[in-house]
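Q: Chains as they are written, first to last, in my numbering: chain A, 172 to 299; chain B, 2 to 145.
Every clue listed holds true.
What follows is a set of in silico ranges between Cβ atoms, one per label pair, in the way DEER data are often shown: (1) A:R231 x B:T64: 48 to 58 Å; (2) B:P28 x A:D175: 11 to 21 Å; (3) A:V239 x B:Y75: 31 to 41 Å; (4) A:D175 x B:D117: 25 to 35 Å.
Since the hints were derived computationally from the structure, they do not count as laboratory data.
From the three backbone atoms N, C-alpha and C, an ideal C-beta is built for every residue, glycine too.
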Amino acid sequence: MSSDDPVAGWYPDPLGEAELRYWDGSTWTPQVAGSEAPEPHGDLHGRVGARGPHTPQRQRVEYDVQTVRVTIVGDKVNDKAVNSLLNKRAREGWSVTSMNRIDVKGGVGPRGVDGLLIVFERPVDDGQ
Amino acid sequence: MGWGGTIIRATQPEHVFAAARLFDDEPGAQATADFLAASGHHLYLALEPDGRPIGFVSAVEMTHPDKGTEMFLYELGVDPSWRHQGVGSALATHVRWVAEQSGCQGLWVLTDPDNDAALRTYRSAGLTEQSNAVMVEWTRPTNP
Numbered sequence: 172m173s174s175d176d177p178v179a180g181w182y183p184d185p186l187g188e189a190e191l192r193y194w195d196g197s198t199w200t201p202q203v204a205g206s207e208a209p210e211p212h213g214d215l216h217g218r219v220g221a222r223g224p225h226t227p228q229r230q231r232v233e234y235d236v237q238t239v240r241v242t243i244v245g246d247k248v249n250d251k252a253v254n255s256l257l258n259k260r261a262r263e264g265w266s267v268t269s270m271n272r273i274d275v276k277g278g279v280g281p282r283g284v285d286g287l288l289i290v291f292e293r294p295v296d297d298g299q
Numbered sequence: 002m003g004w005g006g007t008i009i010r011a012t013q014p015e016h017v018f019a020a021a022r023l024f025d026d027e028p029g030a031q032a033t034a035d036f037l038a039a040s041g042h043h044l045y046l047a048l049e050p051d052g053r054p055i056g057f058v059s060a061v062e063m064t065h066p067d068k069g070t071e072m073f074l075y076e077l078g079v080d081p082s083w084r085h086q087g088v089g090s091a092l093a094t095h096v097r098w099v100a101e102q103s104g105c106q107g108l109w110v111l112t113d114p115d116n117d118a119a120l121r122t123y124r125s126a127g128l129t130e131q132s133n134a135v136m137v138e139w140t141r142p143t144n145p
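The task is simple: from the sequences and hints, build the whole structure.
A: As structure tokens, this is what we get:
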């Protein structure tokens, strides 16, 4: 992989299906946030992405709901702050299940402060 | 919007050859290797959901003393059966994003003034027309 590649992280989705999509350093992955996740994507090797089809023996997971205040100009989220948060949580093993824009007290004006409700998920050991 | 596929960076010659039918001419082995190895040279493939390449975009970073580094969108092509489904727009948007992330001062591309499809694609990625440029070129003659 070339050193010219943008670094891995969450960015505005160039595929137009969601607000944010995860770039792994060389591929836009099926992991999205901000709308319904689409069907899994294949790649050149026919692999299915990280958010692949559910299997009967699903891993047990835990959830965490987080509300964040973000600056929104027009419809554009301050993606640097969101990117930083999502990558911090990703390093802790969390992945995003859903992300929705919500009203937060004090959010007024075209350059208002608005909120995002983010649901994180990560696998937990069954201990069995 | 969205055609259900994704965009990947072409890093291996086999990626390029898998997309050969999308190019004007057959990719050469040496030129392909040189392109993939060259700094500031970018080639991305749009894949349909089963992984087959259906579009590509290439771009090269160019540096000039008074302009810094700019991204030149070299070529963009989409399989005829996949046009009008957002593939070209996603590829152009992706390259603009790469230019932003690479610290480029801008992104530019040339197309014909009557190429409405190309203009629509580039406008959808936030590019705006700057001039009615005329291309003037020299091509090495092929030896008899």
